[in-house]
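J.: Keeping their order, the protein sequence lines are chains G and D.
Each residue of the first sequence is one higher than the one before, counting from -18 in the numbering used here.
Each residue of the second sequence is one higher than the one before, counting from -18 in the numbering used here.
If you are wondering where the hints come from, they were derived from the structure by calculation, not from laboratory data.
Hints may contain errors.
Remember, identical chains collapse to one label, so a pair may be satisfied in a single copy or spanning two.
Below, simulated SDA-like cross-link-like pairs (lysine to any residue); rule was C-alpha separation at most 20 angstroms, straight line [claimed, not checked]:
| id | residue 1 | residue 2 |
| --- | --- | --- |
| 1 | K121 | G180 |
| 2 | K121 | L254 |
| 3 | K121 | I6 |
| 4 | K121 | L4 |
Here's the letter readout for the chains.
There are 2 protein chains.
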Amino acid sequence: MNEFDLIRRYFAERGVRRDDVPLGIGDDAALLTPPPSQLLAVTVDTLHSGVHFDAGIPAADLGYKALAVNLSDLAAMGAEPAWATLALSLPQVDEAWLTAFAEGFFALAERHGVQLVGGDTTRGPLSVTVQVQGFVPQEKALTRRGARPGDHVFVTGSLGDAGAGLAIEQGRLEFTGPPADFLLARLHRPTPRVGAGLGLRGLATAAIDISDGLAQDLGHILTASGVGAVLDIDHLPLSNALLASGIDRAWRLAVSAGDDYELCFTVPADAGLSVSDGLGCPVTCIGRITAEPGQRWQDVAGVPCEPPPRGWDHFAQGEA
Amino acid sequence: MNEFDLIRRYFAERGVRRDDVPLGIGDDAALLTPPPSQLLAVTVDTLHSGVHFDAGIPAADLGYKALAVNLSDLAAMGAEPAWATLALSLPQVDEAWLTAFAEGFFALAERHGVQLVGGDTTRGPLSVTVQVQGFVPQEKALTRRGARPGDHVFVTGSLGDAGAGLAIEQGRLEFTGPPADFLLARLHRPTPRVGAGLGLRGLATAAIDISDGLAQDLGHILTASGVGAVLDIDHLPLSNALLASGIDRAWRLAVSAGDDYELCFTVPADAGLSVSDGLGCPVTCIGRITAEPGQRWQDVAGVPCEPPPRGWDHFAQGEA
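Excised from the complex, chain G in its bound form (with noise of 0.2 angstroms):
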């Protein structure tokens, strides 16, 4: 046996055991028993070092923001997770690593009772491609498709946090104290919004999680659905902690940095959501959908506002 299949039988032993999987790692494939008249959600997210986290992030975080947002992935299908697959790539066997790495995805996992199922560590540069499978009903899953006009529109949570953490992270923005912890939490540790999403069956009627920026993701929503959008940058759910960073125009951000992995969702007007309908989160309604097309930017008085452009910094606006 190898150190690489120390790593795997080490992986192999912990977590959540699920009644629906009679064969887990350890032989070629895992053997699952999907419940019968749902629908089987999957989605597969990789991260690289020096793409789309920092070379120095904690080993724990990692391990938890692998798993956090392919589960935004299906708290936006409103899906209930299940099982997932992690393929880890390694320069090198570094046990206290690993440790950590495997501490911060079991955390979440077991949050979700998620068992890991299978999985592949090579040798390689540093990069996590986890896979997840969840169920929902056939007719309950929410796609990015049914948006119609009047409907409105909300997120869940905050936004711009992630990106003003990412700021301080890099050492573009000076900030300390616990606000700054807070907003480097919400970049390290997403939370997926995944009982949201199952709240959402039967009444949202598009949803998507917000990896690549608020306009960017809602933009999506309206392609698919063939409709557009007003939105009111007064109405964004900003922290306290992003407000209290100083930040000049904190609703840019919230508009177009990404990785608060909220959820942007749908639903008809005359449904009535407002923030205390128990989705286990706060919900922000931020605007309607139109028959126009576009997204068209308005402050509460009405005045139009351009949002920055997609993967737009405040920090280093010469970033691509």
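Based on the hints, put chain D in the right spot on chain G.
T.: Using the frame of chain G, we list chain D on its own:
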């Protein structure tokens, strides 16, 4: 839309369309309809440039092989392939390379009715992670656990070809002409024994695919089943091309070199399996299972032979 979005779109418009994929590439997750009363078999494998393949490998071969090694795992479970996801990491966007990669991938996917249902294309060091899913009726799945004393040990196809192909590719074996081309093709375009895996349902007591070399992989069956085996080196199936290469004691390559992606399986002695039993490929009996643990290799006269250790390299014996 950035260049990586374009790639996603390119992959999304190719290949098989299955009825059990209500929603494929293009939302936060794919939605799939698993068949009633079958198990899902799930496996994932990563190939890294410089580790699992030479950076100069033709892109079409890489696309083919990344899927093939995963289909081989499904074959070893007796599962019928259905769905794949692809996490592709590229240092830069090279359209000619991508065209060839997709050609190789989809050629094999179409042969086995596999639909690409999701993926993630990112900028990073060249690597390919494919996950495949297939179906197998409960109680029909092949695992590593069921070998019993007295069972016969079989392999499909021929062994050692990929190891010789690697030696040719790396300039350690001087050999040219059609037989050399055959050996190289065995390395770059292994044949996943999907049909054989399906044919072995209800017949084989244990199965594994040979990726790390026969001795190593058979060892997994023996350990999982709590048994041992006596193996006959003179019965190992060697291709005419391998024999023509003039390699001394080619059986050692057949036992210890990897990457052949043949199946090794066990069947009860009274099953009467022979090469003519319609598994779609040659099968050869190479030994039998014993109650005594361990592997005992011998020649046709019963003289014990010591197989080289795992990872042994016929051409560079200092290699790990």
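J.: For every hint, state whether the structure bears it out.
T.: For each hint, the structure was consulted:
1. Proximity of K121 and G180 under a CA criterion of 20 angstroms is satisfied intra-copy only: 11 angstroms inside one chain copy versus 38 angstroms between copies.
2. Taking the closest pair of Cα atoms, K121 and L254 come within 20 angstroms of each other only inside a single copy of the chain (18 angstroms); across copies the shortest separation is 49 angstroms, beyond that limit.
3. Proximity of K121 and I6 under a CA criterion of 20 angstroms is satisfied inter-copy only: 19 angstroms between copies versus 31 angstroms inside one chain copy.
4. In the homo-oligomer, the alpha carbons of K121 and L4 lie at most 20 angstroms apart only across protomers (13 angstroms), although the nearest pairing inside one protomer, at 29 angstroms, exceeds that limit.
When each numbered hint is compared with the structure, no violation occurs for any of them.
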